[in-house]
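Enquirer: Since chain A is already given, all that's left is putting chain B on it; use the hints.
So the sequences go chain by chain: A and B. Sequential numbering of the first sequence, starting at 14, is according to the working numbering. Sequential numbering of the second sequence, starting at 762, is according to the working numbering.
Fair warning: there could be bad hints in the mix.
Derived contacts from chain A toward chain B, CB cut-off under 7 angstroms, selection only [stated by the list, open to error]: (1) THR45; (2) MET48; (3) VAL49; (4) PHE53; (5) TRP55; (6) PRO73; (7) PRO75; (8) MET77; (9) LEU78.
Below 30 angstroms or equal to it, Euclidean Cα-Cα: the simulated DSSO-like pairs (lysine-lysine) are [said to hold, decoys possible]: (10) LYS74/A to LYS876/B; (11) LYS74/A to LYS798/B; (12) LYS894/B to LYS831/B; (13) LYS93/A to LYS136/A; (14) LYS114/A to LYS38/A; (15) LYS74/A to LYS93/A; (16) LYS894/B to LYS882/B; (17) LYS894/B to LYS93/A; (18) LYS829/B to LYS74/A; (19) LYS74/A to LYS882/B; (20) LYS882/B to LYS38/A; (21) LYS136/A to LYS74/A; (22) LYS74/A to LYS894/B; (23) LYS876/B to LYS831/B; (24) LYS831/B to LYS874/B; (25) LYS136/A to LYS114/A; (26) LYS74/A to LYS816/B; (27) LYS816/B to LYS93/A; (28) LYS93/A to LYS38/A; (29) LYS831/B to LYS816/B; (30) LYS816/B to LYS882/B; (31) LYS831/B to LYS798/B; (32) LYS829/B to LYS876/B; (33) LYS798/B to LYS829/B; (34) LYS38/A to LYS119/A; (35) LYS116/A to LYS38/A; (36) LYS114/A to LYS93/A.
Listed next, with one range per pair, are the computed distances between beta-carbon atoms [stated by the list, open to error]: (37) ALA125/A to ASP837/B: 50 to 60 angstroms; (38) THR149/A to PRO886/B: 50 to 60 angstroms; (39) SER897/B to GLU33/A: 31 to 41 angstroms; (40) GLU838/B to ARG17/A: 41 to 51 angstroms.
Honestly, the hints are just simulated from the structure, not real lab data. Virtual Cβ for every residue (Gly too), placed ideally from N, Cα, C.
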Amino acid sequence: MIRRMSHATIFVNNQNEALEFYRDKLGFRVHTDAMVGEDFRWLTMCTEDDPDFELILMEPKPGMLMDDETSQQLRAIMNKGVLGAGVFNTDDCRGTYEELKAKGVKFIGEPAERPYGVEAVFKDNSGNWFSLTQPTEGN
Amino acid sequence: MVRRIEDLETLERLDRARDFIDHCYDHPLSLDQISEKACFSRYHFLRLFRQAFNKTPHQYLIERRIEKAKELLGGDELRVTDVCYEVGFQSLGSFSTLFHRYVGHAPIIYREKVKQREQAKRQVPGCFLVMYKLESA
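So that you can see chain A by itself, here it is in the shape it has in the complex:
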């Protein structure tokens, strides 16, 4: 039986810039940051509340997995902002929205009521979409 998810990949433009964004703006902390191969940086972030779920910040780059063409295509799609999405939970969507917005996080709109809670949508600095959701009780 599969219990839960422990790691997920987010493709980012630049690992250093993504690290700064996730740490300084979103408030994540670095879980692991280590060179594993000559050119392979294993960079994962987690929230304070859930250090067992690691977000892997990965740069598409030619070499080990992708050829030049593939990594360029992936970067191009990423830069169009049509790739990747996820949901982060909060206890206070409107409060966190103000807090993140003040730090420079770009939101698509104001927090809004949804069938499952209050939600605001933002993008990270690589163009990945996320919901910031405050679930209603029972959701």
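Expert: Frame of chain A, contents of chain B only:
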């Protein structure tokens, strides 16, 4: 613009010399010894080798030694000094200098980095190790 060598016999002779370096890199090799394997005079050989492989026989030899040194430094059976002599360098000084020039770190730092990488690798899930060819399936 460097012209490629198309004469098959010449290429075979150059290959023979290169194979000789591949096998005997751990010995002190002179240009005379290497060019002898290809049956060319040393200067003619030097020119042809560079034309064919884009580097001098000496550069090729050094690269071969450095590659082997990297491999040995990745393990921990040999001390850096032993690695130096094992791959055919005659002095620790020139080994360190050349290693640094080719690899970007001194041998001891390289060994440390490999160790750190191996340590860090233990935290990376297998799907990534295999997908990114850091390990074979």
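Enquirer: All hints are to be evaluated individually against the structure, with a verdict given for each.
Expert: Status of the hints after comparison with the structure:
1. THR45: holds, 6 angstroms
2. MET48: holds, 6 angstroms
3. VAL49: Holds: closest Cβ of chain B sits about 5 angstroms from VAL49/A, inside 7 angstroms.
4. PHE53: Result: holds, 6 angstroms to nearest chain B Cβ.
5. TRP55: The hint holds - TRP55/A has a Cβ within 7 angstroms of chain B, the shortest such distance being about 5 angstroms.
6. PRO73: violated, 12 angstroms
7. PRO75: With a closest approach of 12 angstroms, the PRO75/A hint is violated.
8. MET77: Holds. Min distance 4 angstroms.
9. LEU78: holds, 5 angstroms
10. LYS74/A to LYS876/B: This hinted pair holds, its Cα atoms lying about 24 angstroms apart.
11. LYS74/A to LYS798/B: violated, 42 angstroms
12. LYS894/B to LYS831/B: holds, 19 angstroms
13. LYS93/A to LYS136/A: holds, 12 angstroms
14. LYS114/A to LYS38/A: holds, 9 angstroms
15. LYS74/A to LYS93/A: holds, 17 angstroms
16. LYS894/B to LYS882/B: At roughly 12 angstroms apart (the allowed maximum being 30 angstroms), LYS882/B and LYS894/B satisfy the hint.
17. LYS894/B to LYS93/A: holds, 28 angstroms
18. LYS829/B to LYS74/A: holds, 28 angstroms
19. LYS74/A to LYS882/B: holds, 19 angstroms
20. LYS882/B to LYS38/A: holds, 28 angstroms
21. LYS136/A to LYS74/A: Holds, at about 22 angstroms.
22. LYS74/A to LYS894/B: holds, 14 angstroms
23. LYS876/B to LYS831/B: Within the cut-off at roughly 12 angstroms; holds.
24. LYS831/B to LYS874/B: holds, 11 angstroms
25. LYS136/A to LYS114/A: holds, 11 angstroms
26. LYS74/A to LYS816/B: With Cα atoms ~29 angstroms apart, LYS74/A and LYS816/B stay inside 30 angstroms; holds.
27. LYS816/B to LYS93/A: violated, 43 angstroms
28. LYS93/A to LYS38/A: With a Cα-Cα distance of about 22 angstroms, the restraint between LYS93/A and LYS38/A holds, given a limit of 30 angstroms.
29. LYS831/B to LYS816/B: Answer holds: LYS831/B to LYS816/B is near 20 angstroms, not above 30 angstroms.
30. LYS816/B to LYS882/B: violated, 35 angstroms
31. LYS831/B to LYS798/B: Between LYS831/B and LYS798/B the Cα gap is close to 27 angstroms, so the pair holds against 30 angstroms.
32. LYS829/B to LYS876/B: OK: LYS829/B and LYS876/B at ~17 angstroms, within 30 angstroms.
33. LYS798/B to LYS829/B: holds, 22 angstroms
34. LYS38/A to LYS119/A: Roughly 11 angstroms between the alpha carbons, so the hint for LYS38/A and LYS119/A holds.
35. LYS116/A to LYS38/A: holds, 6 angstroms
36. LYS114/A to LYS93/A: With a Cα-Cα distance of about 22 angstroms, the restraint between LYS114/A and LYS93/A holds, given a limit of 30 angstroms.
37. ALA125/A to ASP837/B: 50 to 60 angstroms: Holds, at about 59 angstroms.
38. THR149/A to PRO886/B: 50 to 60 angstroms: violated, 34 angstroms
39. SER897/B to GLU33/A: 31 to 41 angstroms: holds, 35 angstroms
40. GLU838/B to ARG17/A: 41 to 51 angstroms: holds, 42 angstroms
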